[in-house]
Amino acid sequence: GAGVSQSPRYKVAKRGQDVALRCDPISGHVSLFWYQQALGQGPEFLTYFQNEAQLDKSGLPSDRFFAERPEGSVSTLKIQRTQQEDSAVYLCASGLGGATYGYTFGSGTRLTVV
Amino acid sequence: GDSVTQMEGPVTLSEEAFLTINCTYTATGYPSLFWYVQYPGEGLQLLLKATKADDKGSNKGFEATYRKETTSFHLEKGSVQVSDSAVYFCALSDDYKLSFGAGTTVTVRA
Chain A
1 GAGVSQSPRY KVAKRGQDVA LRCDPISGHV SLFWYQQALG QGPEFLTYFQ
51 NEAQLDKSGL PSDRFFAERP EGSVSTLKIQ RTQQEDSAVY LCASGLGGAT
101 YGYTFGSGTR LTVV
Chain B
1 GDSVTQMEGP VTLSEEAFLT INCTYTATGY PSLFWYVQYP GEGLQLLLKA
51 TKADDKGSNK GFEATYRKET TSFHLEKGSV QVSDSAVYFC ALSDDYKLSF
101 GAGTTVTVRA
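If you're matching them up, the sequences are chains A and B in order. Under the working numbering, the first sequence has 69 at position 69, and the numbering climbs by one with no breaks. Under the working numbering, the second sequence has 47 at position 47, and the numbering climbs by one with no breaks.
I should point out that these hints are in silico values taken from the structure, not numbers from a laboratory. Heads up, the beta-carbon is just placed ideally off N, CA and C, and yes, glycines get one too. Careful: at least some of the hints might be erroneous.
Said to hold, decoys possible - Below, simulated EDC-like cross-link-like pairs (lysine to aspartate or glutamate); rule was C-alpha separation at most 20 Å, straight line:
1. K56/B - D24/A
2. K97/B - E85/A
3. K97/B - E76/B
4. K14/A - E68/A
5. K57/A - D94/B
6. K52/B - D84/B
7. K68/B - D95/B
8. K52/B - D63/A
9. K57/A - D2/B
10. K57/A - D95/B
11. K97/B - E15/B
12. K97/B - E44/A
13. K78/A - E68/A
14. K68/B - D84/B
15. K11/A - E85/A
16. K14/A - D24/A
17. K11/A - D94/B
18. K11/A - D24/A
19. K56/B - E42/B
Claimed, not checked - Partner residues are not named here, just some residues of chain B that face chain A (Cβ under 10 Å, in silico):
20. K49
21. A53
22. D54
23. V82
24. A86
As the list claims (entries may be wrong) - Have a look at the derived ranges for each label pair, beta carbon to beta carbon:
25. K68/B - S58/A: 22 to 28 Å
26. K52/B - S87/A: 24 to 30 Å
27. A17/B - D18/A: 44 to 50 Å
28. T28/B - V30/A: 22 to 28 Å
29. D63/A - K52/B: 24 to 30 Å
30. G41/B - S27/A: 19 to 25 Å
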């Protein structure tokens, strides 16, 4: 597609529920990122994929967070046993290489844990 | 670790006013510097970038110069329009990972 597509656009989860957030990057983009953006803050890095390889997961806040990109295209961010502090906008970005090439961001999934 | 500090908002301006958003950074190496913009209801978009000291990035009338001596990358525009209303994020990267500032909300009134 023309841009990075994320679904769902909004998600409300009860505390303790598992959620899965999907990202469809731009076709051919080898780099894929997940960021977490709390209200009024800048995006915080979660994890980075180059094709199907997860090269950096240092930003994942706990072992409840898991990301995958099995075929080097679509990626899923899974959060198990959601907690209120997980409420945020989750952004996906893709690119052709490093940061200086520029990344294209999706519109994000707004997760609210109640 | 590497970090970015940018001017707190919100900033409200009249059309055709001059806009400056301050951004300073802390980094151990020689990062590339970026300004991203988020228009209402849209995803983050790269506005401009600079990859080494004294480089000037420019786009859509916005400019920012990479100042190593003051570790700064201030964003400027000489005459803003209502369509420039958005949230602006300063960011840096050593390689692939972007580190963002908290964002500055800019509202331009007609």
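Self-check item: When the least beta-carbon distance from K49/B to chain A is tested against 10 Å, hint result
Solution: holds, 7 Å
Quiz item: Can the restraint linking K11/A and E85/A be considered satisfied, given a maximum Cα separation of 20 Å?
Solution: Holds, at about 14 Å.
Quiz prompt | Restraint status (C-alpha distance of K14/A to D24/A at most 20 Å) | solution = This hinted pair is violated, its Cα atoms lying about 25 Å apart.
Practice problem: Decide if the proposed pair is consistent with the structure: K56/B and D24/A, CA atoms, cutoff 20 Å inclusive. | Solution: It is violated: about 33 Å lies between the C-alpha atoms, which goes past 20 Å.
Self-check item: Assessment of proposed distance window 22 to 28 Å (beta carbons of K68/B, S58/A)
Solution: With Cβ atoms ~27 Å apart, the hint holds.
Practice problem: Look at the Cβ atoms of D63/A and K52/B and judge whether their distance stays inside 24 to 30 Å. | Solution: At 39 Å between Cβs, range violated.
Quiz item: Within 20 Å, alpha carbon to alpha carbon, are K97/B and E15/B?
Solution: violated, 35 Å
Quiz item: Can the restraint linking K97/B and E85/A be considered satisfied, given a maximum Cα separation of 20 Å?
Solution: Violated - the C-alpha atoms of E85/A and K97/B are around 23 Å apart, more than 20 Å.
Quiz item: Do the beta carbons of A17/B and D18/A sit within 44 to 50 Å of each other?
Solution: holds, 49 Å
Self-check item: Restraint status (C-alpha distance of K52/B to D63/A at most 20 Å)
Solution: Given pair K52/B, D63/A is violated - Cα atoms ~37 Å apart, limit 20 Å.
Practice problem: Please work out if K11/A and D24/A have their alpha carbons no farther apart than 20 Å. | Solution: Holds, because 17 Å separates the two Cα atoms, which is no more than 20 Å.
Quiz item: Are the Cα atoms of K68/B and D95/B separated by 20 Å or less?
Solution: With a Cα-Cα distance of about 18 Å, the restraint between K68/B and D95/B holds, given a limit of 20 Å.
The structure fails to meet hints 1, 2, 3, 4, 6, 8, 11, 14, 16, 17, 19, 21, 22, 23, 24, 26 and 29 from the earlier list, while all remaining hints are met.
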